[in-house]
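Number of protein chains: 2
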Amino acid sequence: MPSHPLTGLSAFPLTPMRRSGTRPGAAEHLDEEAVAHLVTRAAEAGADSVTMLGSTGSYAYLDRAERRRVVELAVAHAAGTPVLAGVGALRTSAVLDHVRDAEEAGADGVLLAPITYQPLSADEVFELFRTVCTHTELPVVLYDNPTTTGFRFTPALYGRIAALDGIASVKIPPLPADPVEAQDVVDAVRAAVPQHVTVGISGDPSAARGLRAGCHAWFSVIGGVLPEAAARLVRTGDDAHLAPLWPLFAEHGSLRVAAAAAEHLGLAPADCLPRPVQGLDPNARHRVAEALEALTSQ
Amino acid sequence: MPSHPLTGLSAFPLTPMRRSGTRPGAAEHLDEEAVAHLVTRAAEAGADSVTMLGSTGSYAYLDRAERRRVVELAVAHAAGTPVLAGVGALRTSAVLDHVRDAEEAGADGVLLAPITYQPLSADEVFELFRTVCTHTELPVVLYDNPTTTGFRFTPALYGRIAALDGIASVKIPPLPADPVEAQDVVDAVRAAVPQHVTVGISGDPSAARGLRAGCHAWFSVIGGVLPEAAARLVRTGDDAHLAPLWPLFAEHGSLRVAAAAAEHLGLAPADCLPRPVQGLDPNARHRVAEALEALTSQ
Numbered sequence: 008m009p010s011h012p013l014t015g016l017s018a019f020p021l022t023p024m025r026r027s028g029t030r031p032g033a034a035e036h037l038d039e040e041a042v043a044h045l046v047t048r049a050a051e052a053g054a055d056s057v058t059m060l061g062s063t064g065s066y067a068y069l070d071r072a073e074r075r076r077v078v079e080l081a082v083a084h085a086a087g088t089p090v091l092a093g094v095g096a097l098r099t100s101a102v103l104d105h106v107r108d109a110e111e112a113g114a115d116g117v118l119l120a121p122i123t124y125q126p127l128s129a130d131e132v133f134e135l136f137r138t139v140c141t142h143t144e145l146p147v148v149l150y151d152n153p154t155t156t157g158f159r160f161t162p163a164l165y166g167r168i169a170a171l172d173g174i175a176s177v178k179i180p181p182l183p184a185d186p187v188e189a190q191d192v193v194d195a196v197r198a199a200v201p202q203h204v205t206v207g208i209s210g211d212p213s214a215a216r217g218l219r220a221g222c223h224a225w226f227s228v229i230g231g232v233l234p235e236a237a238a239r240l241v242r243t244g245d246d247a248h249l250a251p252l253w254p255l256f257a258e259h260g261s262l263r264v265a266a267a268a269a270e271h272l273g274l275a276p277a278d279c280l281p282r283p284v285q286g287l288d289p290n291a292r293h294r295v296a297e298a299l300e301a302l303t304s305q
Numbered sequence: 008m009p010s011h012p013l014t015g016l017s018a019f020p021l022t023p024m025r026r027s028g029t030r031p032g033a034a035e036h037l038d039e040e041a042v043a044h045l046v047t048r049a050a051e052a053g054a055d056s057v058t059m060l061g062s063t064g065s066y067a068y069l070d071r072a073e074r075r076r077v078v079e080l081a082v083a084h085a086a087g088t089p090v091l092a093g094v095g096a097l098r099t100s101a102v103l104d105h106v107r108d109a110e111e112a113g114a115d116g117v118l119l120a121p122i123t124y125q126p127l128s129a130d131e132v133f134e135l136f137r138t139v140c141t142h143t144e145l146p147v148v149l150y151d152n153p154t155t156t157g158f159r160f161t162p163a164l165y166g167r168i169a170a171l172d173g174i175a176s177v178k179i180p181p182l183p184a185d186p187v188e189a190q191d192v193v194d195a196v197r198a199a200v201p202q203h204v205t206v207g208i209s210g211d212p213s214a215a216r217g218l219r220a221g222c223h224a225w226f227s228v229i230g231g232v233l234p235e236a237a238a239r240l241v242r243t244g245d246d247a248h249l250a251p252l253w254p255l256f257a258e259h260g261s262l263r264v265a266a267a268a269a270e271h272l273g274l275a276p277a278d279c280l281p282r283p284v285q286g287l288d289p290n291a292r293h294r295v296a297e298a299l300e301a302l303t304s305q
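So the protein sequences, as listed, match chains R and U. Each number in the working numbering corresponds to the 1-based position in the first sequence with 7 added. Each number in the working numbering corresponds to the 1-based position in the second sequence with 7 added.
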């Protein structure tokens with residue numbers, strides 16, 4: 008990360024794929040132009056950083072060459088906006104390969120989630136972060152996403168990892184709907200980690216609540232597709248202008264909704280998610296389009 | 008698979024790694040001799056098949072070259088015993104690469120679990136299996152392991168997938184401890200899948216219960232380390248001679264216990280699991296050694 012800590016809006020662009028047909032197993036190729044355009048959009052909207060290869064960037068599905076290329080494209084098109092890169096992988100040695108690639112591609116920081124196949128213990132996850140921190144000078148974001156990784160952090164483990172040299176931020180999962188409970192969660196995280204480590208909210212429908220509760224940053228899915236609207240949320244602390252999307256996020260997950268939105272807006276080719284993940288059905292796509300109309304007419 | 012259906016004992020060898028030091032991030036290399044020896048042992052004990060690159064074979068952690076090499080080694084050392092190969096991966100295109108590699112390496116069948124990062128729908132998982140079945144003539148084993156994949160099959164989805172041309176067997180997760188409930192589960196699976204598709208039990212402590220309830224095959228973790236003892240269970244339907252291991256399986260998971268057993272018996276180098284997975288602590292290893300002593304003294 009640059010000289011200042013990781014705060015404000017971090018936009019998470021999709022990594023759109025272009026497929027060579029509709030038959031099962033049709034080849035998928037990185038849509039480099041779409042990636043470059045999403046990064047440019049986010050930078051021009053004033054995002055404080057762009058995080059490539061988050062869950063929204065489908066990092067877990069991409070091969071090493073694709074991942075490296077995505078970071079190169081981002082650095083080339085971010086116009087100086089700091090670029091973070093997701094480096095998670097099932098095997099520690101692969102994580103270290105991705106860290107090295109991100110360094111060489113010019114990333115300003117890395118994002119690490121403990122993906123699991125075999126359930127991992129707290130000690131195993133700590134050791135993964137320790138290993139990464141000893142192998143890079145780049146700031147590391149601890150990425151907690153129990154829905155995708157199957158691993159559950161505790162505040163105590165946040166604290167143990169955040170005390171490692173190199174940890175810059177903790178990306179926490181969505182907060183409870185109740186503002187008092189949400190505040191309690193954020194307070195517990197902030198109490199567990201050192202002062203210099205920022206706390207970032209994820210789960211876009213939680214963003215306004217998280218920022219009000221004292222989170223320093225928003226790791227934003229919709230910020231990768233609609234960066235101006237996301238920047239407005241950070242500026243005003245209010246998310247009413249994005250609210251029509253939240254029920255769709257709850258029903259279908261943020262990735263599939265963000266992909267449908269990008270496809271509808273011409274920011275990604277049709278059916279842009281890597282298989283086995285499929286896009287939304289026509290009915291849900293129609294509802295995404297309606298929600299987008301509702302946003303623009305506000 | 009050979010001319011006969013997939014039945015009896017399928018031994019699941021470990022894929023031992025040899026590490027070049029104890030520092031964080033030390034390189035890990037496939038221990039080819041250990042793999043070959045485990046395969047030879049299983050074949051000589053009369054296993055009906057060996058399944059390389061199951062969860063026990065750490066497939067999810069290995070790179071493409073390692074996976075291909077493991078299948079080549081197995082085919083070379085199985086002395087005619089059929090060899091199955093795990094082909095699961097997060098991305099469909101990677102699964103197809105592993106299928107092609109398994110074919111070229113001479114495997115007799117493939118094992119496929121729907122690993123997830125983004126939660127998958129039943130339709131997405133069906134499409135994954137359909138894609139694989141249209142890309143290979145090899146028999147496919149539907150591998151259901153909710154603990155590692157995060158995906159839960161229903162009997163209806165078993166039936167839908169098992170009706171695809173090419174599905175040879177369904178590997179079901181551990182059964183309830185109550186024999187009547189276990190029988191109900193097996194009956195429901197058998198009723199859901201076509202007659203020619205065999206049903207295999209996994210979760211070694213469930214094996215005897217599963218075989219008694221009509222499962223045709225045992226996909227066996229301990230069969231990769233102690234194939235003679237596993238063959239005896241299949242022959243007699245009784246698991247008393249292996250029972251001292253089951254509490255350790257319950258407490259630490261089968262992979263870590265099997266690895267500790269193989270290391271204790273000199274079948275694998277020390278600390279043979281790929282990081283971030285770590286082996287058992289000294290106390291648990293001592294209990295594994297005691298359990299192995301109890302087995303051999305019977």
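What the hints contain is simulated information worked out from the structure, not anything from laboratory work. Source: prediction; values computed, not measured. Hints should not be assumed to be uniformly reliable.
Just a few of them, taken from the derived set where beta-carbon distance is under 7 Å, the chain R residues facing chain U [to be verified]:
# : residue
1 : R137
2 : G157
3 : T161
4 : P254
C-beta: ideal position from N, C-alpha, C; glycine also.
Here is how each hint holds up against the structure:
Here the hint on R137 (chain R) is kept, as its CB sits about 6 Å from the closest CB of chain U, short of 7 Å. For G157 (chain R), the interface hint holds, since its Cβ comes within 7 Å of a Cβ in chain U; the closest pair sits about 5 Å apart. Nearest Cβ of chain U to the Cβ of T161 (chain R): about 18 Å, over the 7 Å cut. The hint is violated. At a threshold of 7 Å, the smallest CB-CB gap from P254 (chain R) to chain U is about 18 Å, leaving the interface hint violated.
In this structure, the earlier hints numbered 3 and 4 are contradicted, and the remaining ones agree with it.
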